[in-house]
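Colleague: Sequence:
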Amino acid sequence: MANSEAMPDTQTATQMTQDTALESQPIEHPSYGQLLGKHVKTKSLELRRSEFKVGRDESCDLMLVETNLPASKLCRVSKVHFTIKKDLNDMTSPTYIHDHSRNGTYVNGKLIGANKCMILKHEDVIAIAGVNIRAFVYYDLRHSVSVEIKAKELLDRYHIGRKLGSGACGTVYLLHDTVSCQPYAMKHVAKDPLNERSRPKFLHDPLRVMNEVNIMKNLDHPCVIKMHDIVDKPDSVYMVLEYMKGGDLLSRIIDNKYLPEKTAKLFFLQMCHAVKYLHEQGITHRDLKPDNILLEDENEYTLLKVSDFGLSKFVRKNSVMRTICGTPLYVAPEVLQTGGRGSYTRKVDIWSLGVVLFTMLSGTLPFSDDYGSPAVEQIKRANFQMRHTVWKKVSPLAKKLIYEILSVNPNSRPTIEQLLRSTWLRDPDVVRKAERLMKIPLMVTERTPGRSTASDVENNNTSPVSSFAPPSKRKRL
2 MANSEAMPDT QTATQMTQDT ALESQPIEHP SYGQLLGKHV KTKSLELRRS
52 EFKVGRDESC DLMLVETNLP ASKLCRVSKV HFTIKKDLND MTSPTYIHDH
102 SRNGTYVNGK LIGANKCMIL KHEDVIAIAG VNIRAFVYYD LRHSVSVEIK
152 AKELLDRYHI GRKLGSGACG TVYLLHDTVS CQPYAMKHVA KDPLNERSRP
202 KFLHDPLRVM NEVNIMKNLD HPCVIKMHDI VDKPDSVYMV LEYMKGGDLL
252 SRIIDNKYLP EKTAKLFFLQ MCHAVKYLHE QGITHRDLKP DNILLEDENE
302 YTLLKVSDFG LSKFVRKNSV MRTICGTPLY VAPEVLQTGG RGSYTRKVDI
352 WSLGVVLFTM LSGTLPFSDD YGSPAVEQIK RANFQMRHTV WKKVSPLAKK
402 LIYEILSVNP NSRPTIEQLL RSTWLRDPDV VRKAERLMKI PLMVTERTPG
452 RSTASDVENN NTSPVSSFAP PSKRKRL
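With our numbering as the guide, the letters of the sequence shown map in order to residues 2 to 478.
Note that these hints are calculated values from the structure, not bench results.
Cβ atoms here follow ideal geometry from the backbone N, Cα and C, with glycine treated the same way.
One should not assume that every hint holds.
[Claimed, not checked] Derived Cβ-Cβ restraints for the label pairs, each shown as a range: (1) ASP371 - SER181: 29 to 39 Å; (2) ASP371 - SER252: 14 to 24 Å; (3) ASP371 - GLN35: 49 to 59 Å; (4) SER252 - GLY110: 40 to 50 Å; (5) GLY283 - GLY110: 42 to 52 Å.
[Stated by the list, open to error] Restricting the straight-line Cα-Cα distance to at most 30 Å, the calculated cross-link-like pairs of lysine-lysine (BS3-like) are: (6) LYS111 - LYS290; (7) LYS246 - LYS440; (8) LYS263 - LYS227; (9) LYS42 - LYS74; (10) LYS111 - LYS151.
Using the sequences and the hints given, assemble the complete structure.
Modeller: What follows is the structure, given as structure tokens:
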């Protein structure tokens, strides 16, 4: 009886041991690639781990011996000749091959170089210890390129990775140069109106799509996104642009609820210099918003770059723009008042800068349908208030500058030069930070006699006020 009573305990212990053994088994990732022997005699090698070593050393995943290679060739192989690395958390990420050898590792006949790396693509040939010893062929089992990407020039030169985002003006992918391993952002814009009926009408015109390309190719400023490469096809345009790891300004604001005034001032100063440069080139952005402002990294004080010129257009001196476009909540009143059929100038960018500044400092939107009346009507009359409690932390100079910028009359708004001369922006500490980030000297221009601005006179009591106030609870982003 005692023995029979002990049986369940024994069974339980056995079951627990089996369960523990099962739980202790390592989780094995599926193969992301294969190495097939060419001049090296070996079976097909499955690549499952984040790192795979090849060489003569016992520590290598593939230890090469005389059964793999003749002694005359094996003697030229290093202990660890090369490694293959992959981020297993992102199967769209590149597969890197690192050269650790003394006698060289080659991909498709091109020397990688000691302690350097390249990116492997499907059916690449790997040679070791000499360009003629073609040891392996790499097969990519996991990664497939989007069917949208049809440009052979891009597929040959770059690794096309994950989708970074998409919008009315196209889809953005992360890609890497397979030789330099440099990351870029690639914007794909389809031209064919038959397949893009849902796109805004003005984007159906190939000449207008190419406008973004032609503008960006000629821009060179530390706070403006630089174009690296371009491929123009009958049905698409592919633009290879700088990649900014810090994401966009909208995400930064949302993650932090709002930005400290010092940080907002640094970002706004860089935006103003970017817009000043664009205006000097005869370019009006027309779609300035936090989504189109990119950050270099995750640091609080970081370099900022203005991007997305899909809605831009050259504007010569005294010329006008007649196309309604842009994001409604950031669009100037004169654009909405005429439905895009009237004449408006680069002062539309000044208005958008004011909305972005408001948003950075408060984490709220100055205009929204949630405030009672339609947002479009609020914008047309510049009806906004600073009632959120966060505004108690914002300096009077910053608030007065916003009131000055968000003026219904474009002629009453400051020019970009006047913004840069404002007392609030002429903060020596912020200017020094911006100079270090932008790596150019920023001349602080003295104010010229004449029209004083609300931002220049701290005790000015004539700042504009709204004709009616929306609810005190502001719309959070």
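Colleague: Against this structure, judge whether each hint is valid.
Modeller: Now the hints, each set against the structure:
1. ASP371 - SER181: 29 to 39 Å: Given a distance of about 48 Å, which is not inside 29 to 39 Å, the answer is violated.
2. ASP371 - SER252: 14 to 24 Å: holds, 21 Å
3. ASP371 - GLN35: 49 to 59 Å: holds, 55 Å
4. SER252 - GLY110: 40 to 50 Å: holds, 43 Å
5. GLY283 - GLY110: 42 to 52 Å: holds, 46 Å
6. LYS111 - LYS290: Outside the cut-off at roughly 44 Å; violated.
7. LYS246 - LYS440: holds, 19 Å
8. LYS263 - LYS227: holds, 27 Å
9. LYS42 - LYS74: holds, 13 Å
10. LYS111 - LYS151: Distance of about 25 Å is within 30 Å: holds.
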